[in-house]
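Trainee: Protein chains in written order, with our numbering: chain A, 1 to 299; chain B, 1 to 184.
Bear in mind the hints are in silico, worked out from the structure with no lab data behind them. Wrong hints could be hidden among the right ones.
[Said to hold, decoys possible] Per label pair, the in silico range of CB-to-CB distance:
(1) Thr154/B x His134/A: 37 to 45 Å
(2) Pro111/A x Arg136/B: 38 to 46 Å
(3) Ala202/A x Leu38/B: 28 to 36 Å
(4) Tyr173/A x Gly150/B: 55 to 63 Å
(5) Arg77/B x His14/A: 53 to 61 Å
(6) Ser57/B x Met292/A: 30 to 38 Å
(7) Ser57/B x Arg246/A: 40 to 48 Å
(8) Asp269/A x His3/B: 48 to 56 Å
(9) Val263/A x Asp152/B: 28 to 36 Å
(10) Arg246/A x Glu132/B: 28 to 36 Å
No residue lacks a Cβ here, since even glycine has one placed at the ideal position from N, Cα and C.
The primary structure of each chain is shown beneath.
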Amino acid sequence: MSHVLIVPPSLDEHTFEQLLEQLAPLPPDAKLLVDARHVRWATPYGLTALLTLAQTREERPALAVPELEETLSYWRRAAFFHYAEGLYDLRGAYPKRKETGESSVLLEITPVAGSDDVHGVVGRVQEGAQRILHNEMHLESKAILGFTMTLSEICQNIIEHAGQGGWVAVQSYRWTKRLGRRVVVIAVCDAGLGFRRSLETAPGHLPTTRWDDAAALEEAVIRGVSRFRERGRGHGLAGARNYVGRWNGKLSVRSGTARIGIVPDWDDDPPLVEGLPQFPGAQVQVIIPEAMDGGSTER
Amino acid sequence: MHHIDLSSVLRQTLSCDLYSNLVTRPTGAAVRGQIEQLLADPTDSADARSFTIIDFSQVSMIDFSCADEVVAKLLMRYASDDAYFLFRGVNDDHWVAIEAVLERHGLALAVENAEGVKVAGMLSDDERSTWEAVYRLGTANADDVAIATGSDSTLVRGTLDSLCGRRLVMRANDEYIAVGHFQA
């Protein structure tokens with residue numbers, strides 16, 4: 001018998017937790033049917049996290065694809081079905097992948113497993129950066145450069161710490177509900193070691209009295225601690241944190257049972273959330289808003 | 001003198017040559033490895049003074065991890081040798097990552113742009129003004145530099161020793177030459 005997990009109509013980093021709450025009581029080998037038929041909208045985080053979810057299962061799960069044509073079209077453009085075919089038994093009709101022209105997808109879902117993948121990701125985002133980040137989002141060249149550097153560093157986080165491959169996607173869209181303007185979003189998800197286990201492999205690691213997923217995230221994201229003891233390590237997330245702070249963006253990092261965030265004034269997320277349903281690996285999201293009045297969002 | 005075009009070294013280390021971005025730590029480590037091989041020229045005597053231009057002109061971007069490997073670790077690796085580096089073609093985009101790693105490690109370097117050569121990174125005000133005086137003077141002894149900066153000569157000697165230790169100034173007998181002046 002399959003357990004049915006209902007995917008919320010709008011799938012983002014918050015509503016994905018509803019899926020994980022449904023998953024939490026089930027054993028890793030339980031048969032799953034992930035029911036996405038009524039999904040209308042999904043962020044890059046939602047789509048990459050859905051692929052990651054399948055990677056955490058011992059039994060290959062099934063996924064009922066969205067019914068809405070517009071949703072199917074976007075999921076195809078984001079290359080979701082291309083990779084989901086390898087991870088899920090897909091139920092229902094869905095469009096096959098084909099080359100797309102201009103779109104708001106700056107980087108379709110892309111697997112990241114090695115250094116060469118990061119070169120490819122950075123190169124492809126650079127190709128579309130002028131069109132989307134400059135022309136549509138009015139970001140100045142300093143912000144675009146920082147965006148690409150941040151993307152590179154977060155992807156490297158997978159290679160260096162996850163112990164297995166992960167997924168990255170980049171998209172811009174109008175975020176009417178929260179901001180009333182465009183945003184560009186990086187989502188990077190993996191089902192690997194996660195921050196706590198990665199930091200525990202550091203030479204001479206001694207857990208503090210309060211050592212859990214939240215403490216590990218604070219160490220890595222806020223204090224720039226790496227499992228490598230060399231002085232130059234820890235640049236990646238530190239750089240991402242500085243970047244989002246400078247451009248009024250948002251950074252959120254989920255790992256294990258906790259999520260930590262660098263939260264701008266336009267968002268009301270708490271900076272640290274504990275006691276979330278356990279989920280392997282790390283899931284990172286960066287949101288940079290459109291510059292207002294064609295000017296700078298720099299702070 | 002060595003001239004190392006980083007984009008050429010990058011192309012030799014990557015499996016594909018589509019991109020000219022210095023990104024990822026493994027790429028940075030591989031590029032630094034190539035530079036070290038080039039500098040380990042067996043025709044050079046072991047105790048020879050070396051001068052190397054690291055050329056960023058054809059590099060599109062560099063990220064923090066790569067800057068840590070290519071710039072910071074390179075400077076630290078040769079800190080105890082009589083080896084001097086001048087960084088050429090570093091633009092504002094490159095500088096974001098390079099400045100961050102210099103700060104993290106407390107390092108400084110000489111960088112050449114259209115206006116000339118300057119020192120950048122973690123330097124005290126005394127080090128900076130002393131270096132600028134040496135660079136202006138071309139070749140100078142400590143007394144010349146003291147006069148140029150209006151400082152006490154004992155203090156200037158100490159600062160010059162520090163700059164020599166950081167491989168930003170070269171000492172030849174009693175005279176000092178700033179990196180950037182002895183490239184030709």
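Trainee: Would you list, in rising numerical order, the hints stated earlier that this structure does not obey?
Mentor: 1, 2, 5, 7, 9
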